[in-house]
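K.L.:
With chain A held as given, fit chain B onto it using these hints.
Read off the chains here:
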Amino acid sequence: MDDTRLYAGKAVEEKTYKMKENKARNRFEKLVEAVFLFCAFIAVLSVAVITLFVFARGGPFILEYGIGKFILGRQWQPLGDVFGILPMIIASIAGTFGAILVGVPIGIMTAVFLSEIAPSKIADITRPAVDLLAGIPSVVYGFFGLVVIVPLIDKWFGGGGNSLLAIIIILAVMILPTVVSISEAALRAVPREYREGSLAMGASQMQTIFKVVIPAAKSGILAAVVLGIGRAIGETMAVILVGGNTALIPDSILDRVRTMTANIAIEMGYAFGMHQDALFATGVILFIFIMGLNILLNLLTSKAGD
Amino acid sequence: MRDNSIKDRILRGLVWLSAFVTMGMLVWILTYVLMKGMGSLSWAFLTEMARGDGEGGILPMIVTTFYVIAISIAMATPIGICAAIYLVEYAKPGKLVRTIRFATESLAGIPSIIFGLFGFLFFVTVLHFKFSILSGALTLSIMVLPTIVRTTEEALKAVPQSYREGSLGLGASKLSTIMNVVLPSAVPGILAAVILSVGRIIGETAAIYMTVGMAPYIPKGFMESGRTLSVHLYLLAKEGISFEKAYATAAVLIIIVAFLNFIANKTASALNRNR
Numbered sequence: 001m002d003d004t005r006l007y008a009g010k011a012v013e014e015k016t017y018k019m020k021e022n023k024a025r026n027r028f029e030k031l032v033e034a035v036f037l038f039c040a041f042i043a044v045l046s047v048a049v050i051t052l053f054v055f056a057r058g059g060p061f062i063l064e065y066g067i068g069k070f071i072l073g074r075q076w077q078p079l080g081d082v083f084g085i086l087p088m089i090i091a092s093i094a095g096t097f098g099a100i101l102v103g104v105p106i107g108i109m110t111a112v113f114l115s116e117i118a119p120s121k122i123a124d125i126t127r128p129a130v131d132l133l134a135g136i137p138s139v140v141y142g143f144f145g146l147v148v149i150v151p152l153i154d155k156w157f158g159g160g161g162n163s164l165l166a167i168i169i170i171l172a173v174m175i176l177p178t179v180v181s182i183s184e185a186a187l188r189a190v191p192r193e194y195r196e197g198s199l200a201m202g203a204s205q206m207q208t209i210f211k212v213v214i215p216a217a218k219s220g221i222l223a224a225v226v227l228g229i230g231r232a233i234g235e236t237m238a239v240i241l242v243g244g245n246t247a248l249i250p251d252s253i254l255d256r257v258r259t260m261t262a263n264i265a266i267e268m269g270y271a272f273g274m275h276q277d278a279l280f281a282t283g284v285i286l287f288i289f290i291m292g293l294n295i296l297l298n299l300l301t302s303k304a305g306d
Numbered sequence: 307m308r309d310n311s312i313k314d315r316i317l318r319g320l321v322w323l324s325a326f327v328t329m330g331m332l333v334w335i336l337t338y339v340l341m342k343g344m345g346s347l348s349w350a351f352l353t354e355m356a357r358g359d360g361e362g363g364i365l366p367m368i369v370t371t372f373y374v375i376a377i378s379i380a381m382a383t384p385i386g387i388c389a390a391i392y393l394v395e396y397a398k399p400g401k402l403v404r405t406i407r408f409a410t411e412s413l414a415g416i417p418s419i420i421f422g423l424f425g426f427l428f429f430v431t432v433l434h435f436k437f438s439i440l441s442g443a444l445t446l447s448i449m450v451l452p453t454i455v456r457t458t459e460e461a462l463k464a465v466p467q468s469y470r471e472g473s474l475g476l477g478a479s480k481l482s483t484i485m486n487v488v489l490p491s492a493v494p495g496i497l498a499a500v501i502l503s504v505g506r507i508i509g510e511t512a513a514i515y516m517t518v519g520m521a522p523y524i525p526k527g528f529m530e531s532g533r534t535l536s537v538h539l540y541l542l543a544k545e546g547i548s549f550e551k552a553y554a555t556a557a558v559l560i561i562i563v564a565f566l567n568f569i570a571n572k573t574a575s576a577l578n579r580n581r
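Here the protein sequences line up with chains A and B, keeping their order.
Taken in order, the first sequence gives residues 1 to 306; the numbers are from my numbering.
Taken in order, the second sequence gives residues 307 to 581; the numbers are from my numbering.
Don't read these hints as lab results, they were simulated from the structure.
All C-beta atoms in this analysis are idealised placements derived from N, C-alpha and C, irrespective of residue type, glycine included.
Please note that a few of the clues may not be correct.
[As the list claims (entries may be wrong)] Here are the simulated distance ranges between beta carbons: (1) Met274(A) x Phe549(B): 53 to 63 Å; (2) Pro151(A) x Asn571(B): 33 to 43 Å; (3) Asp81(A) x Thr337(B): 41 to 51 Å; (4) Glu361(B) x Phe157(A): 30 to 40 Å.
So here's chain A without its partners, still in its complex pose (with noise of 0.2 Å):
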């Protein structure tokens, strides 16, 4: 008797334990939850607080000096306290603007050369090269432009060779990964029956890759190109070392530029007050650019995924 009694009192008790441990239990998977989440949200603390901070830091200047002298100011002298940095924003676009004129054909056509006719053996070489390109270090890129490509825009064309043509040769490189890989994932999520009824329909099969695939895969694509232009109007390092940084509106593809990238990274080093709220305001500018891309990027990619 005394044995059941125990027993069920132990059952009781051991039920009530349970009950308190799954409760504890329940409340740690909810605090660990809480954890992950936080951990999840440091992306958005981490884009507010950058873009709080540098605002914070270059927005009054760009206010106080005036927006309109400032962004069509063609003088860059720190000096004389005069900063205006078109030069810079028509270096940057240029620059940019013929990276993707050269890059994306080639990184296109390169996507097709993967996804659509390139035989497998081939395409297994291509594609971990492309993943190569895609990590070699931006520096590498510069210093190779600087003793390779610089000399023989000179030897060709004269002019010393730092020039906006070096920056767009590098950058159209350095965007080629990014293009080729993005563009390829979007050629192969078209589905094998738009090519089948393609070809069905006595479509070649270049017809069938660049009037049905290609279009097809429209809106990859064009994420690719997006991508590729934000990569190209960030880079400094390779640009600093190829573009000759003169901070005047260049009037040739052969002339010396310098880019809002590495108008920053120049002067940093030594620049203090004004000058330097002015380079904090070049970020803030280029800040603006690279945000309008996200959001264009945003748009596309959310389109592609409806």
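P.N.:
Okay, now just chain B, sitting in the frame of chain A:
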């Protein structure tokens, strides 16, 4: 018909040519830098102290690079993994998740020079960490966070749903299912994320230059400045200090990156085989 076939041939030729140009650029860069750099690459170069501003060996740069990598990865990896777990295992679609995703994408799109500006402003100046390994590592850990989150997310998504159902069905809680079943199966993917991030940190210049500085000595602690390999190469090339040393440093960088890529590919194929 004939017109088409000529057009076809031209297009096909262009496609092959483009692939050839892409491959050609890689081969050109690799062979040029390696051929020029191998000559001055020696054991002494790798293990000696730097003299002056560019002569001598690159031991201090190797050590500094290693410190920056170790601390950045140590900070970014746990946060990145936890974030990915939340996004894949807990999050319900909605405004919060959209915000987090947009922020992660935006973070990935911010150029390194902006990270440099921020790191200089926040860690170096406001928090008084000065030009130091710590300032750089904190900046870089934010920079590589999106890479770790996205790659880990992919790895978690690739774990079959039946694994989770099996574990939950046996009475395991959600958390212990994640910790004991889901995460272990995602290890190769997470490893790939870490390797990718290491490569990104090694190659980074602008952000490190503005947060770690460029002191060419072995840092005695995390609060001291140092010079990573990439920054060293930048200074050698920019100031024209020594092209011979610059080639050798570039060769070292390329060899490390190629090695990391090789490992990442091996890990990825191990992952595919497991599926």
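K.L.:
A range of 53 to 63 Å was offered for this pair. Does it hold for the Cβ distance of Met274(A) and Phe549(B)?
P.N.:
Violated, at about 37 Å.
K.L.:
Take the C-beta atom of Glu361(B) and the C-beta atom of Phe157(A), compute their distance, and say whether it sits inside 30 to 40 Å.
P.N.:
At roughly 35 Å between Cβ atoms, Phe157(A) and Glu361(B) fall inside 30 to 40 Å, so the hint holds.
K.L.:
Confirm or reject the claim that Asp81(A) and Thr337(B) have a C-beta distance inside 41 to 51 Å.
P.N.:
About 49 Å separates the Cβ atoms of Asp81(A) and Thr337(B), which means 41 to 51 Å holds.
K.L.:
Assuming the hint says 33 to 43 Å, is it satisfied by the Cβ distance from Pro151(A) to Asn571(B) or not?
P.N.:
Holds, since Pro151(A) and Asn571(B) (Cβ atoms, about 34 Å apart) stay within the stated range.
Hint compliance for this structure: hint 1 alone is broken.
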